[in-house]
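For the sequence shown, the numbering used here assigns the number 864 to the initial residue and increments by one for each residue that follows.
None of these hints come from the bench; they were simulated from the model. The C-beta atom is built at its ideal place from N, Cα and C for all residues, glycine as well.
Quick list of simulated restraints, FRET-style, between CB atoms:
{"hint": "1", "residue 1": "Pro871", "residue 2": "Ser911", "range": "29 to 37 Å"}
{"hint": "2", "residue 1": "Thr874", "residue 2": "Ala920", "range": "17 to 25 Å"}
{"hint": "3", "residue 1": "His895", "residue 2": "Ala928", "range": "30 to 38 Å"}
{"hint": "4", "residue 1": "His929", "residue 2": "Arg897", "range": "28 to 36 Å"}
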Amino acid sequence: MSNQGRVPCATEDLEVRSLSDHEWRVGDRRCHERSPEKVLGYIEKRGSAFEVMNIQAPRRHVMFAHFESAVASFASAFEA
864 MSNQGRVPCA TEDLEVRSLS DHEWRVGDRR CHERSPEKVL GYIEKRGSAF
914 EVMNIQAPRR HVMFAHFESA VASFASAFEA
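With the hints as extra help, turn the sequences into a complete structure.
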């Protein structure tokens, strides 16, 4: 699954869905719910930090101290 070639996702287009009390799915609200392009990645709470797994870089997991920063990383990943 790849999001290459897609229009960058702005922060206001991010959609966060709770999967459990410590896991979230981050998606692009502009995409249809059943579209594979909707899923941008996942966030998992690990201790006091938040680990991001971005579909664009599945082997690279990044840690953030704040949930908001973890979510925002999905928009900035396209801006980099």
